[in-house]
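With the sequences and hints as input, model every part of the structure.
If you read the protein sequences in the order shown, they are chains R and V.
When the letters of the first sequence are read in order and numbered with the numbering used here, they come out as residues 1 to 164.
When the letters of the second sequence are read in order and numbered with the numbering used here, they come out as residues 1 to 419.
Possibly wrong hints are sitting among the right ones.
Stated by the list, open to error - Here are the computed distance ranges between Cβ atoms for each label pair:
hint : chain 1 : residue 1 : chain 2 : residue 2 : range
1    : R       : P142      : V       : E341      : 52 to 62 Å
2    : V       : G317      : R       : D42       : 18 to 28 Å
3    : V       : L235      : R       : N114      : 51 to 61 Å
4    : V       : L24       : R       : M162      : 53 to 63 Å
To be verified - Calculated Cβ distances over 10 Å to all of chain R for the following chain V residues:
hint : residue
5    : K12
6    : P40
7    : E45
8    : F94
9    : Q110
10   : G111
11   : S207
12   : K224
13   : R269
14   : G288
15   : A309
16   : E341
17   : L345
Calculated from the structure, these hints are not laboratory results.
Even glycine gets a Cβ: it sits at the ideal position worked out from N, Cα and C.
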Amino acid sequence: MKATGTVHKYGDNIDTDVIIPARCLNISDRGELASHCMEDIDAEFVKKVRPGDMIVGGWNFGCGSSREHAPMVIKENGVSCVIAKTFARIFYRNAINIGLPILECEQASDAIQNGDRVEVDFDTGVIRNLTREESYTAAPFPAFIKEIIDADGLLNSIRRRMGK
Amino acid sequence: MGMTMSQKILAKKAGLDSVAPGQLINADVDMVLGNDITTPVAIDEFEKYGFDSVYSKTGISIVLDHFVPNKDIKAAQLSKRCREFAGKYGIEHFFDVGRMGIEHALLPEQGIVAPGELIVGADSHTCTYGALGAFSTGFGSTDMAAAMATGKCWFKVPSAIRFNLTGKPGRWVSGKDVILHIIGIIGVDGALYKSMEFGGEGLGNLSMDDRLTIANMAIEAGAKNGIFEVDEVTLAYEKGRVDRPFEIYAPDPDAVYDAVYDIDLSAIRPTVSFPHLPENTRTIDEVGEVRIDQVVIGSCTNGRMSDLAAAAEILRGRRVADGVRCIVIPGTQQIYKEAMEAGYLSDFIEAGCAVSTPTCGPCLGGYMGILAEGERCVATTNRNFVGRMGHVKSEVYLASPAVAAASAVAGKIAGPDSL
Numbered sequence: 001m002k003a004t005g006t007v008h009k010y011g012d013n014i015d016t017d018v019i020i021p022a023r024c025l026n027i028s029d030r031g032e033l034a035s036h037c038m039e040d041i042d043a044e045f046v047k048k049v050r051p052g053d054m055i056v057g058g059w060n061f062g063c064g065s066s067r068e069h070a071p072m073v074i075k076e077n078g079v080s081c082v083i084a085k086t087f088a089r090i091f092y093r094n095a096i097n098i099g100l101p102i103l104e105c106e107q108a109s110d111a112i113q114n115g116d117r118v119e120v121d122f123d124t125g126v127i128r129n130l131t132r133e134e135s136y137t138a139a140p141f142p143a144f145i146k147e148i149i150d151a152d153g154l155l156n157s158i159r160r161r162m163g164k
Numbered sequence: 001m002g003m004t005m006s007q008k009i010l011a012k013k014a015g016l017d018s019v020a021p022g023q024l025i026n027a028d029v030d031m032v033l034g035n036d037i038t039t040p041v042a043i044d045e046f047e048k049y050g051f052d053s054v055y056s057k058t059g060i061s062i063v064l065d066h067f068v069p070n071k072d073i074k075a076a077q078l079s080k081r082c083r084e085f086a087g088k089y090g091i092e093h094f095f096d097v098g099r100m101g102i103e104h105a106l107l108p109e110q111g112i113v114a115p116g117e118l119i120v121g122a123d124s125h126t127c128t129y130g131a132l133g134a135f136s137t138g139f140g141s142t143d144m145a146a147a148m149a150t151g152k153c154w155f156k157v158p159s160a161i162r163f164n165l166t167g168k169p170g171r172w173v174s175g176k177d178v179i180l181h182i183i184g185i186i187g188v189d190g191a192l193y194k195s196m197e198f199g200g201e202g203l204g205n206l207s208m209d210d211r212l213t214i215a216n217m218a219i220e221a222g223a224k225n226g227i228f229e230v231d232e233v234t235l236a237y238e239k240g241r242v243d244r245p246f247e248i249y250a251p252d253p254d255a256v257y258d259a260v261y262d263i264d265l266s267a268i269r270p271t272v273s274f275p276h277l278p279e280n281t282r283t284i285d286e287v288g289e290v291r292i293d294q295v296v297i298g299s300c301t302n303g304r305m306s307d308l309a310a311a312a313e314i315l316r317g318r319r320v321a322d323g324v325r326c327i328v329i330p331g332t333q334q335i336y337k338e339a340m341e342a343g344y345l346s347d348f349i350e351a352g353c354a355v356s357t358p359t360c361g362p363c364l365g366g367y368m369g370i371l372a373e374g375e376r377c378v379a380t381t382n383r384n385f386v387g388r389m390g391h392v393k394s395e396v397y398l399a400s401p402a403v404a405a406a407s408a409v410a411g412k413i414a415g416p417d418s419l
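Take a look at the structure:
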């Protein structure tokens with residue numbers, strides 16, 4: 001599976017409060033919730049993001065609360081992949097559980113600039129920067145996690161395992 | 001190879017003789033927790049994928065605490081969804097307004113979580129129960145749906161950082177100062193994916209409330225869990241709360257750690273985290289002149305009885321400074337009642353504080369104390385991210401109840417000794 005898109009780049013310690021502020025967590029409608037994604041650090045994000053686009057962060061992306069609303073609104077905005085040096089662990093498992101691909105790659109996080117066009121091959125972990133004609137390699141997912149992503153989320157994979 | 005406390009609990013719950021860091025396992029959980037923000041999303045997923053039964057009526061806790069008493073219509077809808085789900089499936093540990101408390105103050109108090117258990121919760125501060133010697137960690141709503149349906153959860157086995165505690169904390173130094181001090185050393189991702197394991201000869205000098213505060217903020221160092229060795233303090237705390245048998249785990253003598261820190265509790269000063277990350281710590285001696293508009297004393301981090309006692313001792317017979325709002329939020333109904341009986345609530349009200357029913361409210365910028373542009377708050381809460389308590393140009397300074405109370409009186413960040 002591959003994805004291609006334009007990169008929206010942010011810094012270190014992007015926390016779940018800026019990905020989706022708690023004042024919005026009373027909203028049940030996912031489309032309405034998604035319209036507030038990143039608004040506290042990048043009010044233009046939801047206007048400029050296009051299906052397939054990618055988010056690139058630095059260290060500890062998604063730190064803070066356990067709110068699954070954070071990867072959910074990123075996915076809802078059509079983002080195909082998040083690349084960071086490291087992810088906070090609850091964000092990491094939430095993203096996998098809802099089928100939002102994420103890759104850890106320090107080199108990619110350093111080299112990719114805002115607005116670059118990037119192609120990601122999730123099977124190999126190869127990240128190609130089409131703008132700069134470079135490529136970087138992230139560790140591909142372990143089989144256990146790949147099964148969840150391939151099933152488009154944890155609950156699908158559990159249903160499959162239960163034979164339902 | 002020897003195992004850490006966390007690894008031993010995970011191995012047991014996964015039905016394995018041993019586990020190693022990085023290993024992916026499926027384990028049986030003892031308790032699944034959710035709140036009024038995360039549970040509705042879990043219910044959506046639970047129903048969307050056609051599950052129609054829960055693994056256990058007693059092994060699930062749903063606590064309405066973030067936006068209750070309902071702050072608005074949308075929040076009321078979320079609570080209603082939780083209430084109906086709990087009713088439909090006969091969830092025993094369902095806590096609504098009047099019985100509820102802030103989840104991480106409530107579950108230990110009620111004996112719903114115990115040493116040696118594996119607890120998962122759709123709230124990042126679920127790591128709090130590690131104070132009891134349990135393996136306890138936060139996860140998401142889809143995880144919660146899966147765990148409610150199956151009683152199982154997937155884990156990547158964490159490595160660990162060991163903290164050997166020595167000495168005795170000084171006057172006005174509490175668990176909050178200890179954990180802020182540690183986060184100041186290792187940073188907000190210093191324990192990423194890892195366990196923070198606490199033990200050592202100084203452990204006995206930390207009360208259970210101190211330990212709950214420390215374990216609560218393990219997530220603020222990126223940790224998967226914080227966990228304390230079990231001692232007499234733990235057993236005394238559990239007496240009368242937990243009547244089911246529980247297992248006590250200790251790390252193997254040859255357990256392997258990524259790093260070991262010696263923490264001398266007697267050397268720690270009252271500590272404050274400056275905006276906008278918990279790692280931006282300064283001792284009270286280094287804070288300088290920071291005028292404030294609001295103080296919040298409460299939250300899952302510091303809304304327990306000893307926290308209110310420390311604040312009351314400082315506020316008793318004093319006045320909150322002009323121009324400062326001080327909001328005190330007991331963590332649970334039981335704490336509220338005990339604080340009333342101890343006279344603390346009178347102390348707060350006479351000092352000019354607002355006293356609230358239990359709620360997470362202001363900690364996450366939900367309601368009950370939202371900050372305007374440019375305002376500053378000293379809070380006993382756990383996060384000081386951009387916009388955490390309100391306007392994106394507001395500021396949160398994290399501190400202990402003693403420092404927060406002293407700051408309310410001084411009108412600026414201040415230690416109790418300066419009053």
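ask   = Looking back at the hints listed earlier, which ones does the structure fail to meet?
value = Failing hints, ascending: 2, 4, 6, 7, 12.
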